[in-house]
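Trainee: Residue numbers (our numbering), protein chains in the order written: chain A, 95 to 365; chain B, 23 to 292.
Quick caveat, the hints were computed from the structure, so don't treat them as lab data.
Values in this document were obtained by computation on a predicted structure and should not be read as measured data.
Just to be clear, a hint being listed does not mean it is correct.
[Claimed, not checked] Just so you have them, the derived chain A footprint on chain B, three or more residues with Cβ under 8 Å:
| no. | segment |
| --- | --- |
| 1 | 59-65 |
| 2 | 82-92 |
| 3 | 103-117 |
| 4 | 130-144 |
| 5 | 152-165 |
| 6 | 221-235 |
[To be verified] Listed below are the simulated DSS-like cross-link pairs for lysine-lysine, each with C-alpha atoms no more than 25 Å apart in a straight line:
| no. | chain 1 | residue 1 | chain 2 | residue 2 |
| --- | --- | --- | --- | --- |
| 7 | A | Lys311 | B | Lys270 |
| 8 | A | Lys145 | A | Lys203 |
| 9 | A | Lys311 | A | Lys203 |
| 10 | A | Lys276 | B | Lys270 |
| 11 | A | Lys145 | B | Lys270 |
[Unchecked claim] Sample of chain A residues at the chain B side, in silico, Cβ under 8 Å:
| no. | residue |
| --- | --- |
| 12 | Pro178 |
| 13 | Ile194 |
| 14 | Pro197 |
| 15 | Arg212 |
| 16 | His214 |
| 17 | Ile233 |
| 18 | Trp236 |
| 19 | Gly239 |
| 20 | Phe296 |
| 21 | Leu300 |
| 22 | Ser324 |
| 23 | Val330 |
| 24 | Gly333 |
| 25 | Pro353 |
Each residue gets a CB set at the ideal place from its N, CA and C atoms; glycine is no exception.
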Amino acid sequence: MRAMLLAAGLGLAIAGADAEEVGPYPAWEGQWSRVGSGQYDPNAASGIGQKPPLIPEYQAIFEAATADRKDGGLAYNATAGCLPAGMPRAMIVYESMEIIVTPAVTYIKLLYMNELRRIHTDGRGWPATLTPSFIGTSIGEWEKGPDGRYQALLIETRGFKGPRTFDAEGIALHADNQTVVKERIFLDAANPDRLHDEVTVFDHALTRPWTVMRTYKRETQPSYADFYCSQNNHEVTLGRETYFIGEDGLLMPTRKNQPLPDLSAFGGRAP
Amino acid sequence: MSAVILHRLLLAAALSFAALAARAADDAAFPDWSGQWVRIGGSQFDPSRAPGLGQQAPLTADYQSRFEALLRNPPADGIDNSPTALCTPPGMPRAMIAELPMEMLIRRDMVLVMLSYFGGLRHIFTDGRRWPAELEPGFYGTSIGRWDGTALLVETRGLNGPRSFDASGLPLHDDNETVVTERISLDATDPDVLHDEITTEDHALARPWTVTRSYHRSRGAAWPEHVCAEEHQRIAVGREIYAIAGGKLTPMRPGQPPPDLRYFGAESRR
């Protein structure tokens, strides 16, 4: 009888929500959106308030980017040119993300820049070589809870290319792209509609590993909108200068007295 | 616990067991579409015909003229005459050319088509839903499907533009009232081949146009990360398309004029 009542409770839970535990896996499937703002560490102020543990060389790059940004520049931010955020920035989840859990792979589809993470949980080891990518290669391992069910996914991600920054504020990851990202993703103990990602980054731009906690809320009415950078992007970066494309399609300066774009490739032809 | 509550709990338990049993049965009934699906044939929309005018698309006279004019005077370099040259996604039905490999994930209530090209994602809802009164336009549209045995029948509406059938620029109508129907199924004799019979109804066409695309299964291959902005460093300024090379704007055709810089003042020109 006790088992039947337990099953009844489970059945009611299944009937009452889209969230569904399948086999030993936690109920993560569905769409999630960011809790908190879009800076890398949502628990610290944006910009210099992030206090990233940068080595002096990368602190100087960050401060230069901060000054450039105040002047309208965006050259430090690769997403302004529609390059993907890559890891770990992708897990800020500017738009929404959809999670699909299968025994061999957990998929995290990020609407922003249409990035897709495949987290392999089939027990594979690291290959001798990795094809570099912005999102990296991820291998995961499920952590069991006291009840024997999976409660957290431990992930390691390697094999990057760049340029990547932690967020839109210009905190750069090292140009050697040797970043390693470790994550622990788990549901909130008290609220099954909250998901946490404890993200730790190892990178040569940092003096020590940097850990932040991001949180997401479950979307009960998911919306499957398109996101396409090219459609919405009005900024174009040429060398170190960022220009704006106006409503009439013409190039505009983003700051007073901004130098003209270099048109030397046109052989002196007049517009 | 009252008898009524106990009865309700037992009924719920019975329903949940029934649901789980039905799910197990459903899962067993789904075809095995796992793995990586790689395009068979060329990148033109109908792989059985030559590209460009060789497609013999049943265009209306107006859109045939438009297509021929585009081929005579291609924008930029003529390699890609379509919106994807500026990193606008291919959308439907072109996405199902599967320029790069795709993965199909069958869930109980939807089928996800994960396209490597442009990172496209199609949600094909198989939960029995009906068409809503209004659809938010998207390049991949809204797709509702139903299983016919082991074949998936899909209808897609609610599309956004601009889109073309393929990179030649073979056009779809500007009104974006395209309706795409598909029948996706494994080959009857080779389980490592998947077919998609695609019928497009569009006001640029004089009649529905049906083509069949096929894909072969690969297992264990690496997945490419397609980044259009990395591949195509191009921007449109006014009516012209330019390349960006070495941080500079560069022409894409001989004699192309430089961009109009009327918004830059005298101080910028010093």
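Trainee: At least three residues with a C-beta closer than 8 Å to a C-beta of chain A: is that true for the segment 82-92 of chain B?
Mentor: violated (count 0)
Trainee: Do three or more residues of the segment 221-235 of chain B come closer than 8 Å to chain A, measuring C-beta to C-beta?
Mentor: violated (count 0)
Trainee: With a cut-off of 25 Å on the C-alpha distance, tell me whether Lys145/A and Lys203/A pass.
Mentor: At roughly 29 Å apart (the allowed maximum being 25 Å), Lys203/A and Lys145/A break the hint.
Trainee: Report holds or violated for the interface hint on Ile233/A, using the least CB-CB distance to chain B and a cut-off of 8 Å.
Mentor: violated (14 Å)
Trainee: Report holds or violated for the interface hint on Val330/A, using the least CB-CB distance to chain B and a cut-off of 8 Å.
Mentor: holds (5 Å)
Trainee: Does Ser324/A meet its interface restraint, that is, does its C-beta lie within less than 8 Å of any C-beta in chain B?
Mentor: Holds. Min distance 4 Å.
Trainee: Go through the hint on Pro353/A and say holds or violated, using the shortest Cβ distance to chain B against 8 Å.
Mentor: holds (6 Å)
Trainee: Can we keep the Pro178/A interface hint, with Cβ of chain B closer than 8 Å?
Mentor: With a minimum Cβ separation of about 6 Å from chain B (threshold 8 Å), the hint on Pro178/A holds.
Trainee: Are the Cα atoms of Lys276/A and Lys270/B separated by 25 Å or less?
Mentor: Cα-Cα ~38 Å, so violated.
Trainee: Do the numbers back the hint for Pro197/A, that is, is its least Cβ distance to chain B under 8 Å?
Mentor: violated (11 Å)
Trainee: Using 8 Å as the Cβ threshold, decide whether His214/A counts as touching chain B.
Mentor: violated (11 Å)
Trainee: Is the coverage entry for the segment 152-165 of chain B by chain A consistent with the three-residue Cβ rule at 8 Å?
Mentor: holds (count 5)
The structure shown violates the earlier hints numbered 1, 2, 6, 7, 8, 10, 11, 14, 16, 17, 18, 19, 20, 21.
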